[in-house]
Amino acid sequence: MTESTTRTEEPEFTITPGYGDWLRKELHYSQAVRIGDRVEISGQGGWSEEFEFPESLEEEIVRAFDNVGRTLATAGASWHDVVAMDSFHVPTAPDTIGEDHTRTMVEQMRLRLGDRAPIWTQIGVPALGAPGMRVEIRVTAHLAAKHDQPASA
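What the sequence shown shows, in this note's numbering, is residues 1 to 153, in sequence order.
Treat the hints as calculated values from the structure; they're not laboratory data. It should be emphasised that the depicted structure is a prediction, and the values quoted were computed from it without experimental measurement. C-beta: ideal position from N, C-alpha, C; glycine also. Each hint should be verified, as a subset may be incorrect.
[What the hints assert, rightly or not] With beta-carbon atoms standing in for the labels, derived distance ranges: (1) 21 with 117: 12 to 22 Å; (2) 95 with 28: 29 to 39 Å; (3) 94 with 28: 22 to 32 Å; (4) 10 with 114: 25 to 35 Å; (5) 106 with 128: 15 to 25 Å.
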């Protein structure tokens, strides 16, 4: 084995500016971790800077996607690096997550990911980590393609 295949990379934890500072202080967790070419982010909800949730489910999902993008950026990644996504939903239908959740999620995925189609699991849950929260999105990104490109001057 070569040195590059046997070394271990130290995790680099990052905090999303704004709400991430509060979450780190109050709940003792980081928003993202980067280990080498892999980025994992904690679940992001559709909260505002004041940690408030909109009345509209669609707006909450859009904000959650915005917060995922902000958090990825703090770790040097973007939506175009995403390879896996898990989304957690408080259902709006008795026997499924609800068409309103799925429709808005797919719209946002197409908007932000373009032709890239990561693996995705939707999970229905009875409650999430904050009162009024109805959706949470967690992603994994892989940055190898960026590292394979020549450095720009």
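Task: Numbers of unmet hints, in rising order - done: 1 and 3
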